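Use the sequences and the hints to build the structure in full.
Next come the chains, spelled out residue by residue.
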Amino acid sequence: MGQILTGLNRRLLVSLALAALCAAGCRSDSTSRSTAGLQGAVPRGGELLVSVRSEPRSFNRHAARDTTTDLVSKLTQGSLIRVNQVTQAVEPWLAESWTTAADGRSVTLHLARDVSFSDGHPFTAGDVLFAFEAAYDEKSGSALADVVQAGGKKLVVTATDPLTVVVTFPSPFAPGIRILNDLPILPRHKLEGALKAGTFRKSWGLDTPLSEIVGLGPFLVSEYVPGQRVVFARNPRYFAKAPDGGALPYLDRLVVEIIPDQSAELLRLESGQLDMMTSEIAPDAYAPLKRAADQGRVRLLDLGVSRNADGLWFNLKPGALGGDPRAAWLQRDELRRAISMAVDRKLFADTVFFGAGVPVYGPETPADKVWYWPGLPQTPHDTAAAKQLLASIGLTDHGRDGLLDDPQNRPVRFTLLTQKGRPNLERGAAVIRDELKKIGVTVDVVALDSGAVIDQLLHARYEAIYFNADKTDLDPGTNPDFWFSFGSAHVWNLEQRAPATPWERQIDALMTRQIASTDEAERQSLYADVQKIFFEHAPIVYFVAPRIYVAHSVRVTNLTPSEYRPQLLWRPDTVAVAR
Amino acid sequence: MIRYAARRLAFALFLVIAVSSASLLLSRLAPGDFVTESLGARASRQAIEQQRARFGLNRSFGAQYRDWLASVARLDFGYSMLYDRPVRDLIPERAANTAILALTALVCATLVGVPLGIVSGSRRGGLLSAAIRTASVVLLSMPPLLTSLFLVFAAARTGWLPIAGMRSATVPAGGGFMDLIRHLVVPAAAIALPLAAMLERLQAQAMAEVIAEPFVLAAVARGVPRSRIVWHGALKAALRPVAAVYGLIIGSLLSGSFAVEVITAWPGLGSLMLQALRTRDVYLVAGCAGAGALFLACGTLVSDLALAAIDPRTSDARAEAA
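Protein sequences, first through last, are from chains A and B. If you use the numbering used here, the first sequence corresponds to residues 1 to 579, in order. If you use the numbering used here, the second sequence corresponds to residues 1 to 322, in order.
Because the hints were derived from the structure by calculation, they are not lab data. Honestly, I wouldn't trust all of these hints.
[Said to hold, decoys possible] So the derived label-pair ranges between C-beta atoms look like this:
#1 B:Met178 x A:Ala578: 25 to 33 Å
#2 A:Asp434 x B:Leu25: 36 to 44 Å
#3 B:Ala309 x A:Arg461: 39 to 47 Å
Just so we're clear, the structure is a prediction, and the values are computed from it rather than from any experiment. Quick reminder that beta carbons are idealized off the backbone N, C-alpha and C, glycines included.
So this is what it looks like as structure tokens:
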């Protein structure tokens, strides 16, 4: 038992320090970091009105990856553990404790006793095995198949008794069981038939009778009105208890209204017809909400700097640009480093995020106190140095017209794809275009639907892209698809058979060691080396990370806000409303 | 007359198939597809290919279109990839919501626009007609999108009306019908106000022309009261141009309500089609477009019938042509 939760304790210490830092950094006016400081008993009962932009695609999380389906799953289903979205610590949920083997490869999870699904059927280790079977079933093509893998390989899960499960990783895997956070434990007694019949993915579609949808989560789906709302009632059999030993969730009902337009969402929130939105506030909506917050009509929360920033990358796949002579400079490190120098990040933050952003120079933002490398150099805004760097690869102003040309006297010009309908991306691309014009580089910005951008990315039919390459989890070990050269999110050169460059080979080697190590200090040191190499070669150029703001009505209480979506509802069982 | 009706029905069928096919073709040929849109940038090639095969997106457009046409012949409009449900199950519930909104707006616009048009058209030069004309021009220059934003803002500020949705989560005192009416006010007004202005302008013009006709002058000379001339004699003759555009109005209501549905979160066909377009759910796009074409075909049919009722010469001429 000596090793029980050892990783957790270390992380908790780091997290407590982080929480203290966050608290110290709170704004003292109407914009605050948290409203969790509740005096006295938490009120019970009542209804919470929440909005989403689109309706769920299914009640089965394995069938869809959209944020609303994920929210429905978080409300109605339980998982073995829960990653605390504020502290990043792994917390017990359906598994009340666990022990890690000395080799770090297997974890024995002890399940909570006397837990039953919302229909009264007892929860056992068989349901845990079923959840993994469903995720790995190739016929079903589960949306969660990638989530519960370590280094691209499946985990081996066995049950030693009805309340004990052993999870074995294919190789030492430092992130460990935190990857189980997103795997809902589904009822075998309801869905096993569908899995065997090969119709699992179609199970629990939106036309399923709601009485068929059972779960271990705090709420039950009680009503679904297409295009309008999903209503959730409290699950009377929910197993988790409040600190005072009382039943959870605190709420009686939670109504998720489908409102496709953010302006309508904001107006409803301001007028008291909505309690909270499940997405952050767009930068241009901050001012009106701030006024409403100052008048005491809503609470506006500043959740700090985002841990994700949008980035610009070039197509670095060898030969992808065919016979295009521009390939000689389009794929050079110097071009990307010059771009990083040429763009004024302060101007970028002011224009794109209305001042609510901080400059970033690498894949981790300063908000991530655990994995951000403080030694990361900060690229200065220096157009002269940028021009000099471009001159070193033969890009100079031959015609004395203020525009750069390559050695064959062709203009230095490229097309930058971005996503249409995302103001932050469109404004960001425009700033990049304008800033590069100042050093004589012409950029043609083309905005496409996200599917079209991804299609161009997958087929390597682009020159440059400005897009979001968000991480799914803070621990770099859970993002092998981004870091490894064979990864499907290694966006600048996808799914390579062998590393295309020496520095990518170096990152592969460092990340292999980083993921396998169980020594936290060693992992941080290895990851700092990765960030250093990334900075030197800049396969993605980052500019600014935005601050995250969310808002809620004044009657909502006992919140634990987090930067990650759903920022205010990641722990729905403890949210309450004043009556 | 039967041949005429049959021709109209055949035209409606052709319109629905042509519009649906064009929508399917355009949304299929644009870069990207439902799979890339829904799986996002981090999905592996293997997962993408697996999903494309599942939805039949790895086949050529020709093969996909042939199968779709064959299923349409069996009144099966395909399967929505987004909702994992047949398109024919999804469309009716949303089309009914759009019809409620569109018909309410149409009735309100007609009840307000036509009488005001008669008043302003029959009393040219007066202060009242000038005020009506000015109001109409202002409303005509405001697209439904802007009107709905303004009305939503006003509703939010006053708190008198719900801002979004079709029904409250908890049915309030007064029952479900009153709740629906309260939710209808903002979106219906957003569509009805510019529409009423358009009908007023059309009706005023037509009325002014009819008032100058010899039969009206003769009635005035015979001492028939002015109000009787306007509301009985001239009105019927002046309704023809308005009835003629009714079909187009009904068809355009669908597209006009598109933006309004999104802003006011009205769960109609417009918001469904927008979501289908965003996610590149090609069969749902085709189904929504087909339903829109059906609205238009029905609208023109209603318009023709109304015209025939007002002016029997129209139906005689069309029957002869048929």
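Going through the hints against the structure:
1. B:Met178 x A:Ala578: 25 to 33 Å: The hint (25 to 33 Å, Cβ to Cβ) holds, given that B:Met178 and A:Ala578 are roughly 29 Å apart.
2. A:Asp434 x B:Leu25: 36 to 44 Å: Between A:Asp434 and B:Leu25, where Cβ atoms are some 38 Å apart, the hint holds.
3. B:Ala309 x A:Arg461: 39 to 47 Å: violated, 58 Å
Violated hint for the displayed structure: number 3, the only one.
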